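Enquirer: Keeping their order, the protein sequence lines are chains Z and Y.
So the first sequence is numbered by our numbering: it starts at 1 and just counts up by one.
So the second sequence is numbered by our numbering: it starts at 1 and just counts up by one.
These aren't lab readings, by the way, just hints derived from the structure by calculation.
These numbers come from a predicted model, not from an experiment.
Backbone N, C-alpha and C fix where the C-beta goes; we use that ideal spot for every residue, glycine too.
Hints should not be assumed to be uniformly reliable.
Derived list of chain Z stretches under chain Y, where covered just means 3 residues or more per stretch with a C-beta under 8 Å from a C-beta of chain Y [said to hold, decoys possible]: (1) 48 to 61; (2) 72 to 85; (3) 214 to 227; (4) 282 to 295.
Cut-off 27 Å, straight-line C-alpha distance, at most; resulting in silico cross-link-like pairs (DSSO-like, lysine-lysine) [unchecked claim]: (5) Z:Lys209 / Y:Lys211; (6) Z:Lys208 / Y:Lys201; (7) Z:Lys356 / Z:Lys330; (8) Z:Lys249 / Z:Lys279.
If the Cβ cut is set under 7 Å, some of the chain Z residues that face chain Y in the computed set are [as the list claims (entries may be wrong)]: (9) Asn64; (10) Met65; (11) Glu90; (12) Val205; (13) Lys209; (14) Arg211.
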Amino acid sequence: MSELKLMKGNEALAEAAIRAGVDAYFGYPITPQTEIIEYLMNERPENRTGMVVLQAESEVAAINMVYGAASTGKKALTSSSSPGISLKLEGISYLAGAELPAVIVNVVRGGPGLGTIQPSQADYFQSVKGGGHGDYKLYVLAPASVQEMADFVEDAFDIAFKYRAPVLILSDGLIGQMMEKVILKDQKPRWTDAELIEKNGDWAVTGKKGRERNIITSLDLQSEKMEARVHRLQKKYEQMEKEDLRFEKINCDDADYLVVAYGSSARISQKAVELARAKGIKLGLLRPITLFPFPQQELFELANQVKGILSVELNTGQMVEDVRLAVEHKVPVEHFGRTGGIIHTPEEIVAALEQKIINNGSFRHHKTRESSLL
Amino acid sequence: MEVLDIIKPENQVFCKSQLMTGNALSYCPGCGHGTANNLIMEVIDEMGISEDTIGVAPVGCSVLAYDFMNIDMTQAAHGRAPAVATAIVRTWPEKYVFTYQGDGDLAAIGTAETIHACNRGENMVIFFINNGIYGMTGGQMAPTTLEGMKSSTSPYGREIATMGSPLKITELIANLPGVYSVSRHALHTHKHVRKARIAIKQAFENTRLKKGLSFIEILSNCNSGWKMTPNEANEWMVENMFPYFPLGDIKVAGKLKV
Chain Z
1 MSELKLMKGN
11 EALAEAAIRA
21 GVDAYFGYPI
31 TPQTEIIEYL
41 MNERPENRTG
51 MVVLQAESEV
61 AAINMVYGAA
71 STGKKALTSS
81 SSPGISLKLE
91 GISYLAGAEL
101 PAVIVNVVRG
111 GPGLGTIQPS
121 QADYFQSVKG
131 GGHGDYKLYV
141 LAPASVQEMA
151 DFVEDAFDIA
161 FKYRAPVLIL
171 SDGLIGQMME
181 KVILKDQKPR
191 WTDAELIEKN
201 GDWAVTGKKG
211 RERNIITSLD
221 LQSEKMEARV
231 HRLQKKYEQM
241 EKEDLRFEKI
251 NCDDADYLVV
261 AYGSSARISQ
271 KAVELARAKG
281 IKLGLLRPIT
291 LFPFPQQELF
301 ELANQVKGIL
311 SVELNTGQMV
321 EDVRLAVEHK
331 VPVEHFGRTG
341 GIIHTPEEIV
351 AALEQKIINN
361 GSFRHHKTRE
371 SSLL
Chain Y
1 MEVLDIIKPE
11 NQVFCKSQLM
21 TGNALSYCPG
31 CGHGTANNLI
41 MEVIDEMGIS
51 EDTIGVAPVG
61 CSVLAYDFMN
71 IDMTQAAHGR
81 APAVATAIVR
91 TWPEKYVFTY
101 QGDGDLAAIG
111 TAETIHACNR
121 GENMVIFFIN
131 NGIYGMTGGQ
141 MAPTTLEGMK
151 SSTSPYGREI
161 ATMGSPLKIT
171 ELIANLPGVY
181 SVSRHALHTH
191 KHVRKARIAI
201 KQAFENTRLK
211 KGLSFIEILS
221 NCNSGWKMTP
231 NEANEWMVEN
241 MFPYFPLGDI
251 KVAGKLKV
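Given only the sequences and the hints, what does the whole structure look like? Please build it.
Expert: See below:
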């Protein structure tokens, strides 16, 4: 039976992982996502479903454990927060290179460096532009509610196995820590070993019983083979753009102005849309649910309709670059952000829209752009 | 009666294992890696566990081990093989899992992964090929480079005062309660090859019996890294490596040999 509960985002994600039939979780504590491993340790999923939970000695070890389990065709999950994700990037690059399915959760905090434990969206570049070494991309899901923290686990694994590629759930300290009602799905059984071999036996290392051996590697010393591998990866990313782009449009049909925001910024921007409309400003919200693939075409088309776009982020201006690329200078695009763990209020967003977009003429050269922050 | 007929099969050390793929080895002629690869495959074949074994090859000279070993294999990032193998063991506890790592991999960049996998007593085998140098990158100083030994990054010889002492990571690991058996071997003579083979078989038997972690260090020459002929390198190994890294059992059935 599905179940209605009041839970923290982190806990909902952990419970959803058990219910989605995930085989293994490897992690290392770091605020603000430690509830994920705490919840899993407390739930004893080894008894509930046979899921393995292990606290690794480091984030580096944890992501490489994910690599190991993923090599064998199992559903492997890890989670961390910004400084920990930086450590995991080596492993994430290897997962992408070796074409392994896995799900990584980043409950983002402020940075750089040790930064702060408060929410932030400062890991946007790291998440969507590669992050680790080499030409690769991550499929990035950005939840904006506790419900999506739960729902995206299974979605992420579906995508990961569809493409044999690592998938990132990019949350933040706000979504991870806040409590909301959540509907949890029914428990799904984990794949049996026989089912796993049937589904993944053509590539996974499970012991070469009844077949030729399988090899998992990201190494190709021959340049032609390596180039072919890189092109194969790019094909996957193109396919993701065509088949698995996700976004949400709120009050966009008649909008004169547009806010683009994801995750917790989108939650706050939704209220800003209401406030703006109460003042007579026809504001719409485009919420990218996947940050890669990014809703470029949708933005390009909306730019024919609106007079200006405000990219609202908890950083100094990262996604705004992708918005500008998509819009191709058709209308002014400005950024509004808070950092340091401070979240913007809906009123601040409306004020920023009025100041930076509505009252600031039409097209300006980038050199005349105002500071992105308050 | 032919000569081959009077050799007991278990004493025959020169046959190529059926589990070797036949691909040309990428190791330098005279290096111990080829023998070590072959021995492991021979034992796995003999035990009939090739369809239930998963090997983890790391970065370094042995990165291409999967080209030679005809079993399922995963290639791990530099130093991370024990973490990768941990997850395989945890999620497929009935499999035979081993890592095959060099000194730079296991004793430098992967020290943490090595020590913690050993400390957890993961039910697997770690093969540690120690040639005292970074082979693949062209002969740089390793944690196990001996005092005074020249390398491209210790061109005047390793100085203890600035570069620290050669790391006896095997002895260090042997002290961890999770580690079930530890021994050190070499492959430069028939006798030593046979001893190593017995240890390798025992290690996989330990896995079968779920005894925990078995750790086998194999001293090897690196004739190209040491800039010697294979014979000179073997002699140098006996004279210089053996006194610092003595051969033999260090821990047997969970008990340290004093």
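Enquirer: Determine for every hint whether it applies to the structure shown.
Expert: Here is how each hint holds up against the structure:
1. 48 to 61: holds (count 7)
2. 72 to 85: Since three or more residues must qualify, the claim that chain Y covers the stretch 72 to 85 of chain Z holds, with 3 doing so at under 8 Å.
3. 214 to 227: holds (count 6)
4. 282 to 295: violated (count 0)
5. Z:Lys209 / Y:Lys211: holds (24 Å)
6. Z:Lys208 / Y:Lys201: Holds. Z:Lys208 to Y:Lys201 sits at ~20 Å (cutoff 27 Å).
7. Z:Lys356 / Z:Lys330: holds (16 Å)
8. Z:Lys249 / Z:Lys279: Between Z:Lys249 and Z:Lys279 the Cα gap is close to 20 Å, so the pair holds against 27 Å.
9. Asn64: Since the shortest Cβ distance to chain Y is 4 Å, the answer is holds.
10. Met65: holds (4 Å)
11. Glu90: Hint holds; Z:Glu90 Cβ to chain Y Cβ min 6 Å, cut 7 Å.
12. Val205: holds (4 Å)
13. Lys209: Where the cut-off is 7 Å and the nearest Cβ of chain Y is about 4 Å from Z:Lys209, the hint holds.
14. Arg211: With a minimum Cβ separation of about 9 Å from chain Y (threshold 7 Å), the hint on Z:Arg211 is violated.
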